[in-house]
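Trainee: So you can see what is in the structure, the chains are spelled out below.
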Amino acid sequence: MRNILVFMLIFSMNEAAELAIGSLMPEIGHQMIETNGKNLTLSDTRGEKGTLVIFSSNTCPWVIRWEDRYVSITESYSPKGIGVIAVNSNALLFDERESLDKMARHASDKDYNFPYVQDPGSRLAKAFGATKTPHIYLFDDNDRLVYRGAIDDDARDANSVEEHFLANAIEQLIDGRPIEKPTSKAIGCSIKFP
Amino acid sequence: MIRIILISFCLCIQSCAKVDLVPSTADEVMSKIKEFKGEKAVLLNIWALWCAPCVEEFPMIVDLRDEHHDIEVVFISADFDDQIEDVRSFLDQNGVRSTSYIKKEKDESFILGIHPDWTGSLPFTVVYAKDSGNIVDSWEGKHPESRFRTAIEIALKS
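Chains X and F, in that order, are what the protein sequence lines are. Note that the working numbering has the first sequence beginning at 1, numbered continuously upward. Note that the working numbering has the second sequence beginning at 1001, numbered continuously upward.
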C-alpha cells in the first residue's frame, strides 16, 4: 500500500504536463475576452509565419520585469508575420486584481501593442499545461509548437541578457531553420486557477 | 536589577541576531541536502516574497519544522538580490534562525539543478527520504498541510 502511495506521490507532479514540442495548438477556437470586451480566439491572432502565446498577469513581479520585452518583440516580429497574444488565465482573481478593467489599464500603461485577453475558466492554460507567468509558447505556421519556456535569461534587465531564447527561436522560425533550443526554463508566478 | 539587565541583554542578542542568509547555486544547496542522508528527512521549499501563496504557506512549514526534530527544512528564496534585507526580515519575523539560502544564479540552471520536472512556478516543494535520501514527493504551488504531512510521514520511514 505504501509503495502505491509513494508511486502516486512521485508521479503526481506530472498531472498537468506542459504541451510537448510538435503538438498542435490546442483550444484554437476557445472564446476569450479582449480588454475592449470583444471575443477573441487563438485562431483570430494567428500570424502568417507563426503565433506567439504569452501567459501573463497584471501583477506578477516577474511579468512586470519582463513585459518591456513583450512590446519590443512584437514591434520587431509582428511586421514579419508573427501573431502575438497575451493571455491572462488567473481566473481565480478575475474579480480582483486581474479584472478586465485592470487589464485594460495595465495594457494601456505598458503600451501593449498586442491583444490582452482573459481566459475564462483558465481553459487555455490547462490545455497548454501552462503553470506560471510569464510562460511562452511559439507555434509555426502549421500551428505546431516549436518553442516553449522563457523570453530570455534575465528578467531584471534587458541589457544584461546573455541568451535571447525567444527572439532566437522566432528568427530561426522565420528563416525556416530548426529551433536550436526549443525549451527553456524560468521562475514565475503560479497561475491562479479557479 | 543585574538579572533584569542580563535577561534584557540576552533577549536583545536573540532578537537582534541576523538570519544567516547565504546566496547559493542549486548545486551548492543540493550538496548540503545530501549531507542529511541517513540522519534527517529534508523538506526543501523554494519561495519568494512577491509570491502570495509562498508567503501564505510559509508559517505552516515553520510549524511543521518545529514539530518534527528529525526533519531539516531548507528554504531557498528566489527573490531578486536587491531584496536581500527584506528577505532577511521576513525570515526573522517567521522564526527562521537556521541557515537559509537565496538564489544567486540564472533561472534555468537553478531550476534544472533543483528538479528537472520543475517548470519554475512558485512555491516549489521537494521532500527527501531520511534513510535513502531519495525524493518522496515534489509539487508546485500551494498545497494543503495534509500533503506535507503525508510526504513527511513517508520520508521518515524510507
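Some hints here could point you the wrong way.
As the list claims (entries may be wrong) - Below, simulated PhoX-like cross-link-like pairs (lysine-lysine); rule was C-alpha separation at most 20 Å, straight line:
| hint | chain 1 | residue 1 | chain 2 | residue 2 |
| --- | --- | --- | --- | --- |
| 1 | F | Lys-1157 | F | Lys-1040 |
| 2 | F | Lys-1142 | X | Lys-126 |
| 3 | F | Lys-1142 | F | Lys-1034 |
| 4 | F | Lys-1157 | F | Lys-1037 |
| 5 | X | Lys-181 | F | Lys-1142 |
| 6 | X | Lys-102 | X | Lys-38 |
As the list claims (entries may be wrong) - Examples of chain F residues lying across from chain X (beta carbon under 8 Å, computed):
| hint | residue |
| --- | --- |
| 7 | Glu-1072 |
| 8 | Ile-1111 |
| 9 | Leu-1122 |
| 10 | Glu-1140 |
Treat the hints as calculated values from the structure; they're not laboratory data. We put the CB at the ideal spot given by N, CA and C, even for glycine.
Trainee: Work down the list of hints and note, for each, if the structure agrees.
Mentor: Hint-by-hint comparison with the structure:
1. Lys-1157/F <-> Lys-1040/F: holds (11 Å)
2. Lys-1142/F <-> Lys-126/X: The hint holds at about 17 Å.
3. Lys-1142/F <-> Lys-1034/F: Not satisfied, since the Cα-Cα distance of roughly 25 Å exceeds 20 Å.
4. Lys-1157/F <-> Lys-1037/F: holds (13 Å)
5. Lys-181/X <-> Lys-1142/F: violated (30 Å)
6. Lys-102/X <-> Lys-38/X: Distance of about 16 Å is within 20 Å: holds.
7. Glu-1072: violated (19 Å)
8. Ile-1111: holds (4 Å)
9. Leu-1122: Hint holds; Leu-1122/F Cβ to chain X Cβ min 6 Å, cut 8 Å.
10. Glu-1140: holds (6 Å)
Violated hints, in rising order: 3, 5 and 7; the structure is consistent with all others.
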